[in-house]
Amino acid sequence: MSAETQTLLRMNGVTKVFLTDEVETHALSGIHLEINAGEYVSIAGPSGCGKSTLLSILGLLDSPSDGEYLLNGNPVQDLDLGERARIRNREIGFIFQAFNLIGDLTVFENVELPLTYRGMPGAERKKAVQEALERVGMAHRVKHYPSQLSGGQQQRVAVARALVGKPLILLADEPTGNLDSQNGEQVIELLQELHRGGATICMVTHDQRYSKHADRTINLFDGRIVDEVEAAQQSSAH
Amino acid sequence: MLQDFRFAIRLLRKNPAFTLAAAITLALGIGANSAVFTAVNAVIFRPMGVDHPEQLLSLNLKQGNEVPTHSYPDYRDLRDRNDVFAGLAGYTFEGISMSQGAGNNKLLWSYMVTGNYFDVLGAKPYLGRLFHSGDDVKKGGHPVIVLSYICWQNRFGADRHVVDRHVKVNGFDYTIVGVAAPEFYGTERIYTPELFVPMAMQEQIEIGDSWLEQRGSHSTFLIGRLKPGLTRERAEAGLNVIAQQLAREYPETDAGMKITLTPPGLAGSYLRGPVLGFSGVLMLVAGIVLLIACVNLAGLLLARATDRRREIAVRLALGASRGRLVRQMLMESMTLAIVGGGAGLLLAKWIADLLVAWRPPINLPVFPPLTLDTRVLLFSMGASLFAGLLFGLVPAWQATGGDLTPALKNMGLTMRAGRFHARDLLVAAQVGLSVVLLVGSMLMVRSLQHALSLNVGFDPRHAAVAGFDSSLHGYDNVRGAALEKRVLEKVRAMPGIDSAAIINDLPLNLHIQNSYVYVEGSENVPVSKRPTATGYRTSPGLFDTFKTRLLAGRDFDDRDNADSKRVAIVNEAFVTHILHSKRVGNSYAPDPIGRRFRFGTGSPFLEIVGIVETGKYQSLSEAPLPATFQPLRQAVGSDVTIVARSNSLPDTEVAAMLKRAIAEEDPSIALFASGTLESQLGLALFPARIAAGTLGAFGLLAIVLASTGVYGMMAYTVARRSREIGIRMALGARGPQVIRSILGRGAMLLGGGVAIGIALSLVMGRLMTAMLYGVQALDGPAYTAALALIGAAAAAACWVPARRAARVDPMVSLRWE
Ligand SMILES: Nc1ncnc2c1ncn2[C@@H]1O[C@H](COP(=O)(O)OP(=O)(O)O)[C@@H](O)[C@H]1O
Ligand SMILES: [Mg+2]
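Quick mapping for you: the protein sequence lines, in order, are chains L and U. So for the first sequence, my numbering puts the first residue at 1; every next one is plus one. So for the second sequence, my numbering puts the first residue at 239; every next one is plus one.
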């Protein structure tokens, strides 16, 4: 790692415990994690091991039960709801397995949404949305509703929505999980392309084919990080 | 079919909360309608216990104003000369005192009827016999009475041996000859008399006032049975031939006389318009409430149908026909309708019992028995099934239509709500209707408020009254006058009483006595143009006690007695309308004081000695009416009302003191009109109170139903769109932004509903003007209050869903199942 690489986010001893019906689920235990600007990190592990939970905490959708989380050098684990919403809106871009586009809004309106919440003026918004849709190759479908698109197209729109606000990091939770392999491949290629353009990406996947593209793969098991594999080692392992 | 029914029951039992909410909503709607219909049924549709009611007609007399009453001599001539009726009977109401033992007098309301009355109607006795022509031949010669069924039950303990028993009526001996059938209580629907007396006994029933031979005294209601095959028009024409003969024969009293025929039961044409109008308004209002309830139910079912879309899609995919599914869902709503309708009927029964138990604060038996007869049952059933269809069909149709694949696919897409959901539009309509009802009830409340503060020409506060009629207890004129004088002196001497006086009957108390006025010098005005004035008899000091302003001249004093010059005090309306004097500064020109008038060419002239301010006499909404006041001892009549005022004692205490003073003089005397002066205004305020009360209740019901509708819509929206809320939050939306995007459209719809409601209210306000006292149809405060109420209710209904929306946990709502 070069001296200029900057640590974008850091987790120190993050723990997450869910309490349901008096049953304690330790979804995450003692997570130490660093992600640098421009890095492409993949998180892998069996179902139920805590990948989504980790991503939610990274994306400030949820807060840790214990431990410290620094985003861009600032501790964010104890912020209030409004502050967290502001950071989600400006610094985080989410891509979900289930696309999660809003059915009542057009492609354009869906992508525009984060900018609207930011209070950006209309003309500026329009330009940014157009740009984002061009980057994902969906600029020709602005007036369509999500239900009129294929799954792959929907996910590309979701990617555009995630990157339109120029966030610090893109968080993707099994973005290919609902797609056939061809469409899945295309979305992964899109993410790689964004990565080459300088984007920081953290993607959850349990598909070996996709994690190999990452700079680094973090393997989770039962809420703990069991090992981290750099891309070089990965390719050598093959 | 049976299978559908079983499935419906199973579904309803599986969702007890839904079923309960739906049943309660429907019960409120059906209950309100059934209760209103029960009342409307009693005053409009109930059979009167007579034969072929469709052949019966009431006669109205038109000589200037149309009135439902005729003179008894005219009745005799109409009866004997007409060839359009198989029979023509007459009747009138009067209060009497009855006692079964010594001294125990009770005041009750009677019907005086012509001998042929029961035979013309075809009414049947329950016990003994009813009257026949032979019971009404010789004046004063037929001391017999027929009891109404209710009187027999309440006052005679349903004694089967009551026939041939003797009672005292106004102090005279009478024999009970029979009891009328339960369903028969005379020929006016909103008056329930306790007994019937032959017309020939008039002088014993109305002591000191014999009008049987006076062609100018219009006291008798007439009801005739059409000969078979005759139309109303033909009958009217036939009667008017006789009217013209009478006008020629008796120009003095009958000039210009015309007869019109109307269905019987509501005082000819007199109450018919108002009663039908108000009934119509009530039915309309109740219908709107039912509509609102149906909207709620449709909303509930629609929400459920949406949740069941997958089930329905699967059924459709398996090859069920749309018709079959609609039928199955309709079966569910019909089952609900029956359950809710049954509960509604129980509610209506309860309301009717409450109304019967609540005696209106007026001195007349105006409430007919309210029974839930088959007509009411049929109405409720029909309304329930209609409601079931109404709220069942739309959701069933909508749920089974449309494209199958999205429902089956159910991708991670949030549900597409479409631009406007049918249900949301319904809720907007509901809010609009509630605005209409609320504005209506607010207008009525405002008029009531206004009516309560209206200047009625006397001050009803801090005063009490007690009325009695000594002639009903065996007193002659002289002894009666002495009794009144003793009572008055006793009251005036009581500590705390500031003043006391006597008036024959209180203004605004339905006892309306209008007489033609013959002003000296202009006595040859034709009957149809002759002015009338309402007349009172008063003791000295009445205006002082009433706090009625004396504008000119003097009050009566003790020298105005039976032997002195005949004098009168008139009100300002009399001066301006009849004498055509103008007010100039503090006096009138030409000066009315000293001018003379009389009530008939045969009666003595009265000299005007004073002028008082104009009050309200017949109704609060009347235009200024001329009124005359005569000294107690210079006019006929034996009924008196003692009025006492005290600024130091509570007026209920004053009322009790009055009662005591009268009882001390003669304990056997039965009182009417006893209580505070304010309470005696009950009759005048009755229509406004009823209207404000019922409309207020309906307005409240509407707002409750509409709030639950709004709540349902908003809560459902939040529940259905929780995933979308989660997405928006993940993208950085804050609480208020989420609420705006999720509930904003609903709020917009509500705003639209309110706007439509205001527009409809403006129309309704115009229709209501006749019912409003001193309040404009476009009354600012009424609109403001209604809108504030609906706004507060809607805001409250949105509050919980909005908070729930702001608190959606994106972690939970976004979890991929
Ligand atoms: N909101 C929650 N409430 C309770 N338990 C949860 C919740 N979210 C996740 N879990 C539990 O935490 C563990 C990790 O879940 P998750 O992070 O979704 O796993 P993964 O994404 O790796 O499949 C699981 O055992 C899951 O049941
Ligand atoms: Mg997961």
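No lab work stands behind these hints, which were simulated from the structure alone. Cβ coordinates follow ideal geometry from the N, Cα and C atoms, glycine included. Any given hint could be a false lead.
[Said to hold, decoys possible] Across the chosen pairs, the derived CB separations fall in these ranges:
id: 1; chain 1: U; residue 1: L663; chain 2: L; residue 2: F18; range: 39 to 45 Å
id: 2; chain 1: L; residue 1: K143; chain 2: U; residue 2: G518; range: 49 to 55 Å
id: 3; chain 1: L; residue 1: F18; chain 2: U; residue 2: L615; range: 55 to 61 Å
id: 4; chain 1: L; residue 1: E193; chain 2: U; residue 2: L627; range: 46 to 52 Å
- Message: Is 55 to 61 Å respected by the C-beta to C-beta distance linking F18 of chain L and L615 of chain U?
- Response: Since F18 of chain L and L615 of chain U have Cβ atoms about 58 Å apart, the given range 55 to 61 Å holds.
- Message: Within 46 to 52 Å: is that where the Cβ-Cβ distance between E193 of chain L and L627 of chain U falls?
- Response: Taking Cβ atoms as reference, E193 of chain L and L627 of chain U lie about 60 Å apart, which means the hint is violated.
- Between K143 of chain L and G518 of chain U, is the Cβ distance one that fits in 49 to 55 Å? 53 Å, holds
- Query: Per the hint of 39 to 45 Å, is the separation of the Cβ atoms of L663 of chain U and F18 of chain L within bounds?
  - Reply: About 42 Å separates the Cβ atoms of L663 of chain U and F18 of chain L, which means 39 to 45 Å holds.
Going down the numbered hints, you'll see the structure goes against just number 4.
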